[in-house]
Structure formats: structure tokens, C-alpha cells
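*Asks:* Fit chain H to the supplied structure of chain D, relying on the hints for placement.
Quick mapping for you: the protein sequence lines, in order, are chains D and H.
Numbering follows full-length UniProt numbering, in which position 49 of the first sequence is assigned residue number 49; successive positions increment by one, without gaps.
Numbering follows full-length UniProt numbering, in which position 133 of the second sequence is assigned residue number 133; successive positions increment by one, without gaps.
If you're looking for bench data, these hints aren't it; they were derived computationally from the structure.
The beta carbon of each residue, even a glycine, is placed where N, CA and C say it ideally should be.
Just to be clear, a hint being listed does not mean it is correct.
Claimed, not checked - Derived BS3-like pairs (lysine-lysine); straight-line CA-CA distance at most 25 Å: (1) 160(H) to 10(D); (2) 117(D) to 160(H); (3) 160(D) to 150(H).
What the hints assert, rightly or not - Across the chosen pairs, the derived CB separations fall in these ranges: (4) 94(D) to 97(H): 25 to 33 Å; (5) 87(D) to 30(H): 24 to 32 Å; (6) 99(H) to 88(D): 33 to 41 Å; (7) 30(H) to 148(D): 20 to 28 Å.
Claimed, not checked - Chain H side only, calculated, beta carbon under 8 Å to chain D, not exhaustive: (8) 27; (9) 89; (10) 143; (11) 146; (12) 153; (13) 154; (14) 155; (15) 156; (16) 159.
2 protein chains.
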Amino acid sequence: MAEDESKGRKILVAVDEGEESMYALSWCLSNITIQNSKDTVVLLYAKPPLAVYSGLDGTVYLFSSNIMLSMESYRNAVAEGVMQKAKNLCSQHSDIEVEAMIESGDARDVICGAAEKLGVDMLVMGSHGYGLIKRAFLGSVSNHCAQNVKCPVLIVKRPKSTAENK
Amino acid sequence: MAEDESKGRKILVAVDEGEESMYALSWCLSNITIQNSKDTVVLLYAKPPLAVYSGLDGTVYLFSSNIMLSMESYRNAVAEGVMQKAKNLCSQHSDIEVEAMIESGDARDVICGAAEKLGVDMLVMGSHGYGLIKRAFLGSVSNHCAQNVKCPVLIVKRPKSTAENK
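Here chain D stands alone, though its shape is the one from the complex (with noise of 0.2 Å):
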């Protein structure tokens, strides 16, 4: 390990609203990144595109600017919140360098854009990033980065005993 040990490594992890992303951060802050390396963390949230939202039968609305303003309004609330309880989780590691980006868009293009812009040495995600009904359409947003970004990717899910105590 000798080699990243002196350049250090950038490794991107994707999170969201959902539990299973900080349990994956987490377990990777705990068993992926080394203490006292020059190990970077570079997190990532995908803001949801906003300027159209489709509903179940297809139907596509549009919205009007004042909405538009007040769910961009929300969707960056809701970045920042995922952003600060991402950096709180880091902070209990306090050698490891944080990076945070915010990217609008598709969970998966964002992800996938980001990992090959960055160069990054690692990718790691939980494996939850749709819902339900997203998902079985779509297939999961972490199988797609498997398949899709060059660099090693890490899928993590948050054992059951666990998601069922929060």
C-alpha cells in the first residue's frame, strides 16, 4: 500500500437522503480510507433535475416560476442537509481531507460524469438510490455505475438489524 500511502487516494462517495448512503460513507470512512494517509473523500449529491417532473402514467408537468422557485428553494435545503450530516460523519475522522460537490441531475449521469471528471481512485455508493417503482423500471442506480464507471466501485447496503433500529 506503499504507493497510495504517499500520494494518497481520492475516493467518491455518492450520497443522498436515504440512511443507506451515510451507512455506506461510514463504512468506508471506517474500513476503506487509512488514518494518517493523504486520503481524500470527495462527497457527492445529485440534485433531481427540476425543470420537468413526469408523474407514473407518463404525464409531464410543467410548473410555474414562482413553484419552480420554491422547489429549487427546497432542493437546495435538502442538498445542504445531506451535504452537513456527510461532513459530520467525516468530521469524526479528523485526517481525512472532504471535498463536497453539488451536481444537478440524474443520480446515475451525475455519478458516472463525476467518477471520470475526477479521475477518482474509487467510487462508493449504498445500494439504494430510487424507489421502489424507479427502481424495477430503471434497474438501480448503483448497478448502472457498476457497470458504467471505469474505476473500482464499492456498493454497500445497511444490514437489516440495522435499518430496522432507525
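*Replies:* Chain H in isolation, oriented as in the chain D frame:
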């Protein structure tokens, strides 16, 4: 990482004839296993089921006992060869404890079953585990395992430059 260092982790690495799984093992040894820890790497090779072979058109072929014996002998030689190559890679990390498992069956069932039975902390595998045609119908082994195994799953792809050089 104090907790993990004290008890050591059990990391299951699925290996097969492909260079990609050997790359995944190397990557794991360099980036995941902790030097001077009590980590154990369990090498797992799944021998394809022998009894029945089916053709692309769905025809099922049953072989005579002589042919079966020589096929079994060939399968064992391949399994031993893969395991030896994997052990050689591990021997470059002398502080890592290594165990080896060879089991017969569909790779997807064997890997998921072993991860469950051994209660491993992590599963590591290459992203390819089937030929192109079988993968198109069945999905990749790694996707299946990522969906069905409870522990964190690390999927490692061989970089194209490495793949081209070998």
C-alpha cells in the same frame, strides 16, 4: 479502524480464469487489506456444474462416464491453476492470511452462498464472470452478487490500458 484492526476482517475474493479477477485481487491486496492486521483473504473459485451442458439452442448434452472423468480432471486442473496464480499474488503480501475454497456450481450461487455461509465482511470481484453471450442473457455475475449479497461488494474493473498490455 481500531475495531477492525483488532479482530481482523474476512474478505472474500472471487477468482476465475480471467485476468480481470486477478486484477481485482491485486487491487484488493494493495488498497483494501491492511498491512500487519489480522485480515484474512478467502479465495473462492467456482467450478462450472459438470453434469449437464446445454448448447445455445437449448439442447442438453449428456456425456459418457469416460468423457465425464476427463472433463472433471480438466476442471480440477483449471481450478488448481487459478488458485495457484491467486495464491502467488497473495504471497507478495506475507502478512495476509489466505484461505482457499473451490466449490462446484453456478458462479452466482457459489459466490452468494459462500459470502452468506462465511459471514464475510466484504466481497471483492472483477466485473466479468461470464462470456459475452451468457452475460447478455443472465446479466453479469457481479451485478447479481451486488444485488443479492448482504455484505459490501467491491467490483473492480481492469483498466483498458492494463487489459491491452496483457
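*Asks:* Look at each hint and say if it fits the structure.
*Replies:* Hint check results:
For a cut-off of 25 Å, the pair hint linking residue 160(H) to residue 10(D) stands: about 20 Å separates their Cα positions. Distance hint between residue 117(D) and residue 160(H) is fulfilled; the C-alpha atoms sit about 17 Å from each other, no more than 25 Å. At roughly 9 Å between alpha-carbon atoms, residue 160(D) and residue 150(H) fall within 25 Å of each other, so this suggested pair holds. In this structure the hint that residue 94(D) and residue 97(H) lie 25 to 33 Å apart at CB holds, the actual value being about 31 Å.
The hinted range of 24 to 32 Å is satisfied by residue 87(D) and residue 30(H), whose Cβ atoms lie roughly 28 Å apart. Taken as a hint, the range 33 to 41 Å holds for the pair residue 99(H) and residue 88(D), whose Cβ atoms sit roughly 38 Å apart. Taking 20 to 28 Å as the suggested C-beta distance range, the pair residue 30(H) and residue 148(D) conforms, at roughly 24 Å. Hint on residue 27(H) holds. Least Cβ distance to chain D is approximately 6 Å, under the 8 Å limit.
With its C-beta approaching chain D no nearer than about 15 Å, residue 89(H) sits outside the 8 Å limit, and its interface hint is violated. The interface hint given for residue 143(H) holds, since its Cβ lies 5 Å from the closest Cβ of chain D, which is under the 8 Å cut-off. The restraint placing residue 146(H) at the interface with chain D holds, with a minimum CB-CB distance near 5 Å, inside the 8 Å limit. For residue 153(H), the suggested interface contact is upheld, since its CB lies about 5 Å from the closest CB of chain D, less than 8 Å.
Hint on residue 154(H) holds. Least Cβ distance to chain D is approximately 5 Å, under the 8 Å limit. Among the interface hints, the one on residue 155(H) holds; its C-beta lies about 5 Å from the nearest C-beta in chain D, closer than the 8 Å criterion. Nearest Cβ of chain D to the Cβ of residue 156(H): about 4 Å, under the 8 Å cut. The hint holds. At its closest, the beta carbon of residue 159(H) sits 7 Å from a beta carbon of chain D; the interface hint therefore holds under the 8 Å criterion.
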